[in-house]
Structure formats: structure tokens, C-alpha cells
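> Start from the sequences and build out the full structure, keeping to the hints where you can.
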Amino acid sequence: MSVRYTQDHEWVRLDGDVATVGITKYAQEQLGDVVFVELPEIGRTVTKGVELAVVESVKAASDVFAPLAGEVVEVNSALPDAPQGVNEDPEGAAWFVKLRVADQGEFDGLMDAVSYKAFVDSL
Amino acid sequence: MSSASDILDGVLTTPLNGEHVARAARMVPFAGYDMPVQYEGILAEHLWTRANAGLFDVSHMGQAFLIGPDHATTAAALEALIPADIRNLAPGRQRYSQLLADDGGILDDLMVTRPVDPADDGKLFLVVNAACKVADFAHIRAKLPAVITLVEAPERALVALQGPKAAAVMARLSPESDALAFMAARWTAVAGVAAHVSRSGYTGEDGFEISVADTDAVALWRALLAEPEVKPIGLGARDSLRLEAGLCLYGHDIDTTTSPVEAALVWSIQKRRREEGGFPGAARIQRELAEGPARVRVGLKPEGRAPAREGTEIVADGRVVGRVTSGGFGPSVGGPIAMGYVEAAFAKPGTALDLVVRGKPLPAQVVTMPFVPNGYKR
Chain C
1 MSVRYTQDHE WVRLDGDVAT VGITKYAQEQ LGDVVFVELP EIGRTVTKGV
51 ELAVVESVKA ASDVFAPLAG EVVEVNSALP DAPQGVNEDP EGAAWFVKLR
101 VADQGEFDGL MDAVSYKAFV DSL
Chain Y
1 MSSASDILDG VLTTPLNGEH VARAARMVPF AGYDMPVQYE GILAEHLWTR
51 ANAGLFDVSH MGQAFLIGPD HATTAAALEA LIPADIRNLA PGRQRYSQLL
101 ADDGGILDDL MVTRPVDPAD DGKLFLVVNA ACKVADFAHI RAKLPAVITL
151 VEAPERALVA LQGPKAAAVM ARLSPESDAL AFMAARWTAV AGVAAHVSRS
201 GYTGEDGFEI SVADTDAVAL WRALLAEPEV KPIGLGARDS LRLEAGLCLY
251 GHDIDTTTSP VEAALVWSIQ KRRREEGGFP GAARIQRELA EGPARVRVGL
301 KPEGRAPARE GTEIVADGRV VGRVTSGGFG PSVGGPIAMG YVEAAFAKPG
351 TALDLVVRGK PLPAQVVTMP FVPNGYKR
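Heads up: the sequence lines are chains C and Y, in that order.
Residue numbers 1 to 123, in the UniProt record's numbering, belong to the letters of the first sequence in order.
Residue numbers 1 to 378, in the UniProt record's numbering, belong to the letters of the second sequence in order.
Hint data in this document are derived by calculation from the structure and do not stem from the laboratory.
Do not take every clue at face value.
Cut-off 30 Å, straight-line C-alpha distance, at most; resulting in silico cross-link-like pairs (DSBU-like, lysine-lysine) [as the list claims (entries may be wrong)]: (1) Lys360(Y) with Lys98(C); (2) Lys360(Y) with Lys48(C); (3) Lys25(C) with Lys231(Y).
Just a few of them, taken from the derived set where beta-carbon distance is under 10 Å, the chain Y residues facing chain C [what the hints assert, rightly or not]: (4) Gly41; (5) His46; (6) Gly236; (7) Ala237; (8) Asp239; (9) Ser240; (10) Arg305; (11) Ala306; (12) Pro307; (13) Arg309; (14) Phe329; (15) Pro331.
Don't be surprised by glycine CBs; every beta carbon is placed ideally from N, CA and C.
Take a look at the structure:
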């Protein structure tokens, strides 16, 4: 089981053919206080890079993009009622979506933790 | 020696810039200035201000004095540019008003204070928005009669202490300020610093705006922050506080296309001026007062949790009837709030409307403002 990252600050953890997706600690720090989360319908099929969810802070709305192609098989139904969880545990309990992955090769193409840290440090 | 508009790398800074940076505030460009948007977080800062006292650096705003031979002459010159009654403004009192274009559109909003000291007869103190100040001062100068001078005060800093515990702080540091009534002002000392203090602000809370020489700004800032009720607050919370208070933000809720009547600022036009006119756009404003404006600024309460941001279309009866001009999350309300303009027929509190957020119509209701009760000292 490993975790990969996108340049849009999503993280992805792959278990078998199911990818759990959330936003990174860096992303939630940039957003500030999260006050609203909009999640997709279960069963929706997405391609890599499309808008998957919306996260809003006090100041602004931001899109969460699909880090890879797949079908939405589960959403974190606790988030809409407790969006502040995204600030508290963004890379754990406050995951957004689970995707059944279409092409695991897309996962291998994402940044690993070392690359992502270097990417964030360069920003 | 510092100035309220030091230029570093093409970005203006206030005399308190170093204080913000030392406290690790998140800095953003705002109206050409490098300003703190937040320190510990907008939500915490907003709620702190509503419960305690928040300290804001608003030194980027434009401060100036209008100076003429006597109050009647100076007041008449300003009344030719704004719709408020300045002639009858008592010494030591302050008013909110708008600089108007010839068609009645709003060039900027501003605070006008008549000094309390008889030695200052003929002077008026103005505070205008940072983003508008260059244009405002040029506009005012171009319209002034020869006997009146506009003297800008870029060497002055301005801080706002806002919240229900602001008065307790001032009772210790500036008893004469604590004694001020709402919308009153005086020259006095705060923590030993010579200051012009008004009992006003832009958060809906009781509070004070304190103007001091830029060389005294850091000493004042530190003295206020040494009080246990006081924390520094960034522009992010200032925006959510003023939105909850139902107050307009220039360039968003009011601009050159909106009149004070459309903006629901009729309360700021005193009876004598409504009747006599004599200000730019008076014909339009008197017509809108008599017939009602075609559109009006209203408060909007979205159902559900999704915030409706500036620009969101307001829909009723299957067509667009208005647009959100400020919207977001109200930390004290605990949910989304917005304000915007709607056709007059849809302005009544209780009217059901839809706000189109990301293509989806979300139900909302027209509500009276403020969204949270104000705490002004009455």
C-alpha cells in the first residue's frame, strides 16, 4: 500500500484497485478554515484531471481534481456535516472519495512522498 | 523615519508591516499594499473579535483634512460632493457618507469627522478607502473652492480596535476615549501616544478607530496587544465581520454603477439633504427616493451549507433577477450568508430565491441585515 501525490495537492492511497483520495496537509494550510465540502455522486465515472469535489474555505472555493480515472464507489459522508475535519486530519480521517481505478498505471505516474515534498518546497 | 506608504519593491507597506511579519501573519497584496490576511486563522480571529477585542491595521486607508475658514464654508464645500448633512454635524461627531459621481453613482464611501475643539473650526477629517484614495483626493481637490484646502496625511497610521471588550481596554489606556459615544471623536492620548480616536469601526461591534503619527504606530500597536483582551486580526476576518454586519465593501457591494438608494444607504442621507438636494446625482437619488429604485441591495441566507460567492446569479421565476456582490461563510452565523442586488419586486424579507452555485440553483431567502445583531454603544 503506498501513497502518491498530484501537483494539485491531492493525495491518493491505493488498496488493490480502490484509490482513496483527499487533499494534502499543505493544501489545507493554504486554504485555511474549511467550511464546506461538496462530494460527487456514487457511481460517477471520472477521467484524470476532472473536477471531483469542491472544498470551500472561509475565503474561497477550490476544486479537488480526480488524480486518476475511475468510478466513484464511496464518499466520506461525514465531511459535509463536519468540513473542519479537512483542517484537522486531511491525510487521514478526512478523505474525500474512493475510486475504483481503471488504469493502475496512472497511479505509478504520480509523485511519491519525496517528490511531492520537493515540489512543495519549490513553491 | 518611516511613512504610512513606504515603498518596498513596488509594494506599499504600512508602518506596522514589520509587526505583522514578526507575528508570522500571512501577507497578501491588497490595494497596492502588503497586508496581513490572517494570523492564526480567519475563523478564530473573527470569533475572537466578536467575543473580545480585535486589532486591525488599516493604515492603508486614506486620511486627509479639509481646511477652510469656518465650519459653514468647509461643510458647504464637502456637501457639494456628498449627500450627508455636514452643516449640522455637531463638533466631535462623525458621519458615514459617499462621494458621488454626477450621475449619482458611488465613487467611494468615507467617514467624515468634525473636530470637537473650537480651535479646529473649519476643519473636517476624512477617511477614505485605500484603493480609491488617489482618485478621491484628486476628485475632491478638483471640486474645492479656492478657500478650502485638502491636506493629505500620509504620515498618519490608523488602527481599529473592535469588539465587546474594546471599551474595557480603552478604559485602561485612554479613559477619555472610553467616554466617547458611538460616532463621536476627539484628540486624546492612547497609552501615552497622541491620537485622534473615534468610536466607530466596520465590524458591527463597539470599537474605536485610532489615528496616530506613523512614528508612534508600533508603540501604540504593541501597547494595545499587551492587553489580554486584544489579538491582531487580519483582513480576512475584517471582511467576514463586515459582511455579517451588513456593511458594504467598496468595489463589491457599491461602485460607480450603484446609487446610495439602491445600496440601501438612505439612512446616511439626512432629511435636509434629501429634500434640498445640491449634491451630485441629486435628481436621480430624489427620483429613486420618491418612486423606489429599480433594484436594491438585500441580505440573502442560503439554505444548506454551500456559500454563494460574489458574482453568483440570483434567480426567481426562472430568470435572473440579480447578482450576489459579497458572499461567503459567516463564522458567527455558522453558515453561508450573502448580499446582493435584486429587482425591487424581490427585495422583501422572506422572498424565496435561488442562487446558482456551480450551475445548480440552491434555495435562499431574502433576510434583513445585519446577519448578527450589532454591538454599537448607544
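> Give a verdict on every hint.
Right, here's what the structure says about each hint:
Restraint check: the Cα-Cα separation between lysine 360(Y) and lysine 98(C) comes to about 24 Å, which is no more than 30 Å; the hinted pair holds. Of the pairs offered as hints, the one joining lysine 360(Y) and lysine 48(C) holds, with about 23 Å between alpha carbons and a cut-off of 30 Å not exceeded. Annotation: proposed proximity of lysine 25(C) to lysine 231(Y) holds, straight-line Cα distance about 26 Å (limit 30 Å). The beta carbon of glycine 41(Y) comes within 5 Å of a beta carbon in chain C, closer than 10 Å, and the hint placing it at the interface holds.
Because the smallest distance between the Cβ of histidine 46(Y) and any Cβ of chain C comes to about 8 Å, under 10 Å, the interface hint for this residue holds. Contact between glycine 236(Y) and chain C, as hinted, is supported at the beta carbon level, the nearest pair being about 6 Å apart and thus within 10 Å. Taken as an interface hint, alanine 237(Y) checks out: its beta carbon lies about 8 Å from the nearest beta carbon of chain C, inside 10 Å. Taking 10 Å as the C-beta cut-off, the interface hint given for aspartate 239(Y) holds, the closest approach to chain C being about 8 Å.
About 6 Å separates the beta-carbon of serine 240(Y) from the nearest beta-carbon of chain C, less than 10 Å, and the hint is met. Hint status for arginine 305(Y): holds, given a least beta-carbon distance of 5 Å to chain C, under 10 Å. Using the Cβ-Cβ criterion of 10 Å, the hint placing alanine 306(Y) at the interface with chain C is satisfied: the shortest such distance is roughly 6 Å. Interface restraint check: proline 307(Y) against chain C, minimum CB-CB distance 6 Å, threshold 10 Å, status holds.
Of the supplied interface hints, the one on arginine 309(Y) holds, with its beta-carbon coming within about 6 Å of a beta-carbon of chain C, less than 10 Å. Here the hint on phenylalanine 329(Y) is kept, as its CB sits about 4 Å from the closest CB of chain C, short of 10 Å. Because the closest C-beta pair between proline 331(Y) and chain C is about 7 Å apart, less than 10 Å, the hint holds.
Consistency with the previously given hints is maintained throughout, with no hint failing.
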